[in-house]
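Q: Sequence:
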Amino acid sequence: MTIPDRPAGRGPHQQDDAHDHQHDHDHHDHHDDHGPDQDEIPGPVDGVDWFHRQLHHIPPSGLRSDTTQTTGMARYEAISGKSVGAENLWMGETHVPPSTNSANHHHGHSETAIYVVSGNPSFVFLEEETEEHPAREVRIDTRPGDYVFVPPWVPHREENPDPETEAVVVIARTTQEAIVVNLPDLSWVGPVRTNAGRPPVAGPGDAPA
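By UniProt numbering, the letter at position 129 of the sequence shown is numbered 129, and the numbering carries on one by one without gaps.
Just so you know, not all the hints are guaranteed correct.
What follows is a list of derived Cβ distance ranges for each label pair [to be verified]:
no., residue 1, residue 2, range
1, D185, L89, 50 to 58 Å
2, V189, G145, 26 to 34 Å
3, A103, E129, 17 to 25 Å
4, E131, L89, 21 to 29 Å
5, P97, R53, 32 to 40 Å
6, R53, P151, 28 to 36 Å
7, L63, H109, 20 to 28 Å
8, A74, G145, 15 to 23 Å
9, H133, P60, 39 to 47 Å
10, A113, L55, 18 to 26 Å
11, D141, A103, 13 to 21 Å
These aren't lab readings, by the way, just hints derived from the structure by calculation.
Yeah, the Cβ is synthetic: ideal placement off N, Cα and C, and Gly gets one too.
I would like the entire structure built from these sequences, with the hints used as guidance.
A: Have a look at this one:
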């Protein structure tokens, strides 16, 4: 099947120029419905061209160990303000050797998400005292594929009870740098919220690494 060439000019049923102009205007309006005007595309702000900012690739060989550490585990930094210019995110890995427990610590006002890559690490925190029971340690046992959320200020530690296999997790935090405050125990040392409508008062040690 042969598709005929587009005619070079209008045929005998040509319409007046006013209609053509109206058609062009309608076509332009229709086009606007499917995409932004050039003026709407974000441009340079404070000297940074946000729309054309590059992506950053960090291979395993690019992980850095020059970040705050906790006894009994090794942290490796991948994405941070230092490595890629991130403003609201820190991401990396932690490795806990076989039959090893990390020291107790918290991450200040940063929220932390954990994804278990390998091994069967356990995460331990202190459940507050209630009328039913005294304060007690709670242990969350995990396996590869599990996720764990650590709220701000919650003291915790990682444990790897496996005698042979290293535990590896990926961690993401809501601050651009790693906030790690090492502690002697799991007692709460964060801010105290006295009224649900008021923000918490800053606690000790809430400083970037």
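Q: Looking back at the hints listed earlier, which ones does the structure fail to meet?
A: As far as the earlier hints go, 1 and 4 are violated by this structure, in ascending order.
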